[in-house]
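K.L.:
Below, each chain spelled out in residue letters.
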Amino acid sequence: MLTQQMQKQKQLLLSWAAIQFSLLLLLQQAFAGWVIAIFALLLLYRLLSVFKAKAGISLKLVNLLAGIIAITFFLQLRQAGVLHFMLQILLLAATARLLALQHLYEARQLVWVHYFLIACCFILHQDMLIALFILLVFAVNLYSHYRLFSPPVSRLNWLQAGRSILIILPLWLAIFLLFPRLPPFWQIPNANIASTGLSDTLDPGSIEQLVQDDSLAFRVEFTDTLPPRQQLYWRARLYEDFDGRRWQVNALRQNASRQRAPDNAAASKDSSLSYRIIAEASQQTGLFALATPVTSSSNVFISPSGLLSSNKPVSQRLSYQVSSSLTPVVLVSEQEQQLNLRVPPGNPHTQQFAYQLKQQYPQSHELVQALAEHFRQQPFYYSLTPPTLGSNSIDAFLFDSRTGFCSHYASASAVILRHAGIAARVVGGYQGGNWHPQQGYLAVRQREAHAWVEYLHNGVWQPFDPTAAVAPDRILDSLDSALPEDERALLDPGWRQLVLLQNLRQQLMHLDYYWSVWVLGFNDNSQRQLWRTLYRHLPAMAYSAAVLFSIIIVVLLYLRLTQSGTDNTPQATKQLYRYLGKALATKPLSLSVSAFLLQCAKRYPAHDAYLKQLTALYEQALYKEDTEALNQLKQLLKCHKAELGRLRRAIKNT
Amino acid sequence: MLTQLHNVEQSLNQVILGKSSQIRLALCCLLAEGHLLLEDLPGMGKTTLAHALANSLGLSYRRVQFTSDLLPGDLVGMNIYDTRSQQFRFQAGPVFSQVLLADEINRASPKTQSALLEAMEEKQVSVDGETRALPTPFFVIATQNPLFHAGTSALPESQLDRFMFRLSLGFPDHQAEHQLLQRDSSTSRLELLTEQLNTEQLRALQQQVPKVAASDALIDYLLALVNSSRHRSDMLPLSPRASKAILRAAKAFALINQRDYVTAADVQQVFPYVAEHRLAPSSDAQESRLSQILLLQTPCPI
Chain U
1 MLTQQMQKQK
11 QLLLSWAAIQ
21 FSLLLLLQQA
31 FAGWVIAIFA
41 LLLLYRLLSV
51 FKAKAGISLK
61 LVNLLAGIIA
71 ITFFLQLRQA
81 GVLHFMLQIL
91 LLAATARLLA
101 LQHLYEARQL
111 VWVHYFLIAC
121 CFILHQDMLI
131 ALFILLVFAV
141 NLYSHYRLFS
151 PPVSRLNWLQ
161 AGRSILIILP
171 LWLAIFLLFP
181 RLPPFWQIPN
191 ANIASTGLSD
201 TLDPGSIEQL
211 VQDDSLAFRV
221 EFTDTLPPRQ
231 QLYWRARLYE
241 DFDGRRWQVN
251 ALRQNASRQR
261 APDNAAASKD
271 SSLSYRIIAE
281 ASQQTGLFAL
291 ATPVTSSSNV
301 FISPSGLLSS
311 NKPVSQRLSY
321 QVSSSLTPVV
331 LVSEQEQQLN
341 LRVPPGNPHT
351 QQFAYQLKQQ
361 YPQSHELVQA
371 LAEHFRQQPF
381 YYSLTPPTLG
391 SNSIDAFLFD
401 SRTGFCSHYA
411 SASAVILRHA
421 GIAARVVGGY
431 QGGNWHPQQG
441 YLAVRQREAH
451 AWVEYLHNGV
461 WQPFDPTAAV
471 APDRILDSLD
481 SALPEDERAL
491 LDPGWRQLVL
501 LQNLRQQLMH
511 LDYYWSVWVL
521 GFNDNSQRQL
531 WRTLYRHLPA
541 MAYSAAVLFS
551 IIIVVLLYLR
561 LTQSGTDNTP
571 QATKQLYRYL
581 GKALATKPLS
591 LSVSAFLLQC
601 AKRYPAHDAY
611 LKQLTALYEQ
621 ALYKEDTEAL
631 NQLKQLLKCH
641 KAELGRLRRA
651 IKNT
Chain L
1001 MLTQLHNVEQ
1011 SLNQVILGKS
1021 SQIRLALCCL
1031 LAEGHLLLED
1041 LPGMGKTTLA
1051 HALANSLGLS
1061 YRRVQFTSDL
1071 LPGDLVGMNI
1081 YDTRSQQFRF
1091 QAGPVFSQVL
1101 LADEINRASP
1111 KTQSALLEAM
1121 EEKQVSVDGE
1131 TRALPTPFFV
1141 IATQNPLFHA
1151 GTSALPESQL
1161 DRFMFRLSLG
1171 FPDHQAEHQL
1181 LQRDSSTSRL
1191 ELLTEQLNTE
1201 QLRALQQQVP
1211 KVAASDALID
1221 YLLALVNSSR
1231 HRSDMLPLSP
1241 RASKAILRAA
1251 KAFALINQRD
1261 YVTAADVQQV
1271 FPYVAEHRLA
1281 PSSDAQESRL
1291 SQILLLQTPC
1301 PI
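Protein sequences appear in the order of chains U and L.
In case it helps, this note's numbering puts the first sequence at residues 1 to 654.
In case it helps, this note's numbering puts the second sequence at residues 1001 to 1302.
Worth flagging that the hints you see were computed from the coordinates, not collected in a lab.
Note that CB positions come from ideal geometry on N, CA and C, so glycine has one too.
Check each hint, because a few of them may be wrong.
Every beta carbon over 10 Å from chain U, so not counted as near; a handful from chain L, in silico [what the hints assert, rightly or not]: (1) 1044; (2) 1048; (3) 1060; (4) 1128; (5) 1158; (6) 1176; (7) 1177; (8) 1206; (9) 1256; (10) 1280.
Stretches of chain L that chain U covers, calculated by requiring three or more beta carbons in the stretch to come under 8 Å of a beta carbon on chain U [as the list claims (entries may be wrong)]: (11) 1258-1266; (12) 1294-1300.
All chains, please: the whole structure from these sequences, using the hints.
P.N.:
Pasting the structure below:
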């Protein structure tokens, strides 16, 4: 018995230490390095003491230690933020409790603190796989909770556990669907993670780096059909400042992006396209849309120049609804036009080439056509590994190397157009995407990053993609097919080419998609919609609820009836349980009722006589099936309610 | 009659010191008309207990030392040709007695063992086609050394089942042994035992045992207890014969405790001694680990 108890205690201590380690791992974003180190040291110490079968540290020492650590945390409050401070204190409390644990019954609160901390993990993580891991930690905690109260040798009855899970499942679903989605009570601090995706500057190398990244940028669900690939230009950034080497987002633009565009929903409604975008966390505010976004869901803004942004950096997966008109973006102001006519000095060849074109083709769209033709007919190459260019980078590219990536072509085209007196800018974003017909969504990865040009023509910004002229495959098919064989390998490291792994990744991505659509995407909006649908079908719902309810009642009644046939708890026992149920609940499972009563008689001498009388009558009534004794027992129970009450309380309190 | 039985118990306690619970269980076994298996090291008082029981109950007592060359005929007796009367005459073996002490039963060959066990079950023996009834009451106390001792052949599971109880006397405590050493000789004490209860009275008591009341709820508890052994891989399942034995033993125990009804506590008291050797034949009689597990794990709702 004793060794089994020890075994159980060891098991539980180990599982709690494991839970706290996992919590530390899950919450590490919220903790500074030295905080993690402190927790890891404390937990390691506990683990060592478990393996060496030593008892925990004395309570006094732990209190002192925890006090000191808590004060240090408090001093760092300003740096950590309130939420992180709270998480630290909670984890500290749990760890300290574990360190000082001498007896298992001291761990009852510990398990509850663990539950709370496990729930807190969802503040920092929404990823499906991590959610699975959190669920696992939760299960371990639940099992340890069960073991805390179970006898040392008992085994978990899996059938029964499964049954209780099945029973609780509808309630769980109902709470998920119907519980009001409250806004967070506190500001969730931004984690210090590097932002991903397009940045505010576009230099010749930046997109090349991005296309080697296979991670997901965002996913799109179209309300109707998928538009053709040539139209899938996801606009994300406008680069309007060129310093001869790199393009940058204009400082004015950055501030102006918060403005809402004039609501011109009425315009060209016929050619509008409605879709939903689920953007991955990027730690940036910029979002994505096709052509001219007209309306969007309330969590994102549309700037006058047709860019979408959220009001704070996207630190969690964000889903928003957009409808776009498939017409080019309209010029906002005169100032915008002026902004896009500035050319830095240098690149004399380019300048000359632009003047020539301008003389040949006075019309701007003719000039653009001619430029595309030029790219198509001259030996221009599309490559991920272009040679380095000198100080006059555009000149060197156009007339010397003639090898480049989309950003080179876009940049050169914009410069040529500006020299020719046409306002032009480089647009950064994504082109195309991977269509998954079964799941019905378009996955756009970082490798689909692209840059193209918009030029002003008749008051609208016409898009022009010089890359389409050089490498039409890039637009119509994918990046892979546009690149020569040897460069394709650059995109695909060896392991990624394994079919099985590739498949697995795909499946995981799909699962992740459903997770984000059905679980994370279920916000108060969808909830309201659910309520509305429920309301509409109210009569039908009421009928079915009534039917279901009556069926349940009938089944319960039936069970009750059949059970009363087999329920052979003797009358005498029933009587005792009626009056002493709560006290009898503390009876050891294997002890008989009369033996328990006699034990109580020994422990509470004040009730000795009464209990002995009760036991004698109970034994007579139960074991001899003596009806006379049963009646006497009933009398005895009925007439001494006050004494029974005192007895109940006395037994319950020990 | 119960008072006489308690007198017997008291005088037995005078002879075997500090073993009152085992003595009560042995008497209980006698009342329940079961046979008793004593498992102990040599010199722990097994023989003394058997002898004292026979003496104080006024029963005829024989002792057979089992050895590996003991033959069934040596036990049950045989027909001998009498040259004077020119006839076969049956020479009764030691089995024709009311209390038979089968010492070190696990030393005999399986053939001899099964002859005894057959006699125990049938309460009669057949020699040369002639069936002879054994005297009543017929009470076998077999002793055996723990199995690891050399030169023993273990009783098979099916035959262990014939013994209602398996007890172990165990070492006496300090005080009892001190008292034991102060006395001159225990055999003289054994002689002093007088018949406190005659055979008829014993028969009457034995016949009272089945009349002790056992309620439905109690039988349900007993069945739950027995059933819990039947779905496990770490022990042998308890047979219906075992459950019968448990109930009968519990009834006898209740009777000794001057009650005319069986309680759950009675069942719990006798259970380890009736069940353990059926759950695990090779287990240690002193420990009764498996039956304790069953007792602990079976909820007792009454």
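K.L.:
Could you run down the list of hints and mark each one as holding or not?
P.N.:
Structure-based check of all given hints:
no., hint, in the structure
1, 1044, "holds (26 Å)"
2, 1048, "holds (33 Å)"
3, 1060, "holds (37 Å)"
4, 1128, "holds (50 Å)"
5, 1158, "holds (30 Å)"
6, 1176, "holds (26 Å)"
7, 1177, "holds (28 Å)"
8, 1206, "holds (21 Å)"
9, 1256, "holds (16 Å)"
10, 1280, "holds (17 Å)"
11, 1258-1266, "holds (count 6)"
12, 1294-1300, "holds (count 6)"
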